[in-house]
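Q: Sequence:
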Amino acid sequence: MSRPQPAPFWPTRCPHDAPPLTHFDADGQAHMVDVSGKAVTDRVALAEGFVRMTPQTLALVTSGTAKKGDVLGIARLAGIMGAKKTSDLIPLCHPLPITKVALELEPQPDLPGIRIAATVKTGGQTGVEMEALTAVSTACLTVYDMLKAAEKGMEITGIRLLRKEGGKSGTYEAD
122 MSRPQPAPFW
132 PTRCPHDAPP
142 LTHFDADGQA
152 HMVDVSGKAV
162 TDRVALAEGF
172 VRMTPQTLAL
182 VTSGTAKKGD
192 VLGIARLAGI
202 MGAKKTSDLI
212 PLCHPLPITK
222 VALELEPQPD
232 LPGIRIAATV
242 KTGGQTGVEM
252 EALTAVSTAC
262 LTVYDMLKAA
272 EKGMEITGIR
282 LLRKEGGKSG
292 TYEAD
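Under my numbering, residues 122 to 296 are what the sequence shown spells out, in order.
These are calculated hints, taken from the structure and not from any lab test. Please note that the accuracy of each hint is not assured.
[Claimed, not checked] FRET-style restraints, in silico, Cβ to Cβ: (1) 186 to 162: 23 to 33 Å; (2) 180 to 296: 43 to 53 Å; (3) 290 to 149: 24 to 34 Å.
[What the hints assert, rightly or not] Distance condition first, Cα-Cα at most 20 Å in a straight line; then the derived EDC-like pairs of lysine to aspartate or glutamate: (4) 189 to 272; (5) 242 to 191; (6) 159 to 286; (7) 221 to 231; (8) 221 to 266; (9) 269 to 163; (10) 188 to 294.
Beta carbons are placed, not taken as given, at the ideal position from N, Cα and C, and that holds for glycine.
Input sequences plus hints: build the corresponding full structure.
A: This is how it looks when you write it as structure tokens:
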């Protein structure tokens, strides 16, 4: 398996035309943004990620013979739990009334591995992008945990936001 290249380092200085940072006060202290003045709108986010593994490890998943049990079922539940716990894990995320969390876990022999996609919905004043990304991340980590006895060299990769709808910024769709 080829390894993804590390992300380039962020520049040490922001360009002069960069938008102001929203999560810092005048003294540079981090704080949670006040969203009380924002309209309540329907919001949805879709994220994906992949767990790459050998064909032999993937066969344990598809045949249902992994030592720890139902890998896809347990990872789906873990992803749902991860979405619900996002504000406990990400310091500046608002707790949200999540109305839907759905995960699709799809074995992909050509990868080889598992594609994990999460859709999260809410009616609220801020988006659910972080909840969707946390759902995918948690599900990917659970797949790794459940299969690490068979293969320690699995790779979690490609976690990204695919789409978000709602709010002031409207719709975003990844290329």
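Q: In ascending order, which of the hints set out earlier in this document are inconsistent with the structure?
A: 1, 2, 5, 7, 8, 9, 10
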